[in-house]
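> As they're listed, the protein sequences go chains V, Z and F.
Numbered continuously in my numbering, the first sequence closes out at residue 1120.
Numbered continuously in my numbering, the second sequence closes out at residue 1120.
Numbered continuously in my numbering, the third sequence closes out at residue 450.
Just so you know, these hints were derived from the structure itself, not from any lab.
Nothing false has been slipped in among the hints.
Listed below are the simulated PhoX-like cross-link pairs for lysine-lysine, each with C-alpha atoms no more than 25 Å apart in a straight line:
1. Z:LYS1083 to V:LYS1091
2. V:LYS1101 to Z:LYS1078
3. F:LYS305 to Z:LYS1000
4. Z:LYS1091 to Z:LYS1078
Partner residues aside, some chain F positions facing chain V, computed with beta carbon under 8 Å:
5. TRP313
6. ALA315
7. ASP329
8. LEU338
9. TYR342
10. ALA352
Away from chain Z, derived, C-beta distances all over 12 Å, residues of chain V:
11. LYS1000
12. GLY1056
13. LYS1078
14. PHE1085
All C-beta atoms, glycine included, are put in the ideal place defined by N, C-alpha and C.
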Amino acid sequence: MNSEFLQALIEAVVLTARSPVTPEAVSMATDREIGEREIEEAIAALAASWEEAERGVRLEKAAGGWRCVTPAQFDHYLRTFHGIASRQKLSQAALEVLAIVAHRQPVTLPEINFIRGANSAAVARTLLDRKLIRLAGRKKVVGKPFLYRTTKEFLLHFGLEKAEDLPDPEDLVEAEVIADA
Amino acid sequence: MNSEFLQALIEAVVLTARSPVTPEAVSMATDREIGEREIEEAIAALAASWEEAERGVRLEKAAGGWRCVTPAQFDHYLRTFHGIASRQKLSQAALEVLAIVAHRQPVTLPEINFIRGANSAAVARTLLDRKLIRLAGRKKVVGKPFLYRTTKEFLLHFGLEKAEDLPDPEDLVEAEVIADA
Amino acid sequence: MKNGAISGRVAAGSLHGFRAGPVILLGVEVNPDLADFIPLGPSVELPFFCGPLDLLLHLIRKNEVSIYDIPILSICDQYHEHVRTMQELDLEVAGEFLWMAAWLLQLKSKMLLPRTETEEGDPREELVERLLAYRRVKELASILHDKDLVRQCIWPAGIIADLDDEDVELDWEEVDLRLLAETYLYVMQRFAAAHPPPIQVIPLRYSVQDKMREIYQRITEDDLVPLTRHLNRRANPEEVVVLIVATLELVRLGAARAEQRLPFAEIYLRRGRRTLDEASFEPPEREDADEF
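Produce the complete structure using the sequences and hints provided.
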């Protein structure tokens, strides 16, 4: 294994690792073909070369190993980028509220809160903003809470004509029914 | 912003992004200071320079954006490092169903069954579980069968920008017929 | 020459691209480690076909005949021979293989009949069309297979930005009906786990002692009690359970004998060697009774 290949290997390892990488673990990945000392040196050389050039990542020693971090000067841009990216995303909480509204509509916020065991007001607002759920009158009980239903946009996304076309969740998760349908 | 800084910024963005990065999103992260075209060019230049040198990662265009992946030659070491014994290969039946969905999407299970001449419900379920296909509404025919489409995960796994990039099987077979004649 | 190059690759047997890999017996995928231990009688190894069209294409290729002019008579016989072998090997033959067998038989009989003027077209036409469509699928599947092998060796790289909040986020594009349904079921299961139904205390309606007394009296009076017939009159499972326990208890005490001549025959209860007095039917005193 030449030193270029080793450096590339280390790069692949540190960029796919989820926690700090120790020279020992890399050595074991090469079946001990390369010793820990040699790997430690290669990592240090790699860290130094990344430090010199203008790079989007650097290697830092932390918690007994090495890990990749982004230099601080990119923070502003990264924050903006991830903010934009998250606009096309749905949190698990939002998906849960949407699933409850879809399968139990019309349903009130207190009912959603009760089922989820968590306050869902902020999530419901996000879903309202994204036009995935809508207000559909008030329930005639004490406090007259608003009722929620799914929207046209919701149906469009799931390729449905009307909310009644939503399949029974139990059935959908069973293979046989997918086959029969 | 000089070009070195831009390349480093792009590196930081693609290495922290969880899904393919579009030049548009990077441009928005710079408050449109840098145009999409310039960013596309910078990404392409970065991808080319990583390709040339022996590097542990490369940039590839897939599912409408750019993402960072490791070259195949490191697979053995990475699997040892991450402790993953082997991966499940897709069965012939699964590949056939995938081929039909990729080529004819949106398509229903009865249609898939007819083309394959075999029941494909169990296979479709496995592919749903592996997130290679997804449900995309119902067909407006008797019984309202579910429609299937390929996913972003499918594009990423096969390294495609879009499903249409797969070769048209018509062309392949026509070529063979011409050769037969 | 572009076409020629492609056809060369196709003709070079990319349709067989799947055949390598684990030992595959017809219709059953066998773990290579276990293959040696599976008793199969004479060693018969058949290629794996993932459907009747797959098998038909194989036969056409093996016989080196044109897909547009299939010799139905001989292909039909070979197909049936193959399905018979599958059945002899005790492999589960999926219905679709039998359905194709029936179709081929029908085509065979049509081919044997003299063609009439009124009849239009070739009876094989539909089969040819389906085979062609399926061959295209196999071709594309073969390309995906090769890609799958290479792509499996690729790892997504990425580091976690410190500024990210760790909330799991889903790509809205990837949210489909199934994920929505799964999420709903997950939420409802979590709800059910957090709100277990209140435990209902149902008083016992039948006591073993009462039943012991009842059976004992019947044995004493009739001397012969058919147990199953006696049980069958009771629809309530709770009562049936108590009756069986009571019967076993009587047999244990020697106050009754149970006889069965043949397996599954009626069980008869007779008087036992011991005579019981009324006190024997009182519930036994429990030492810890005070604690409750």
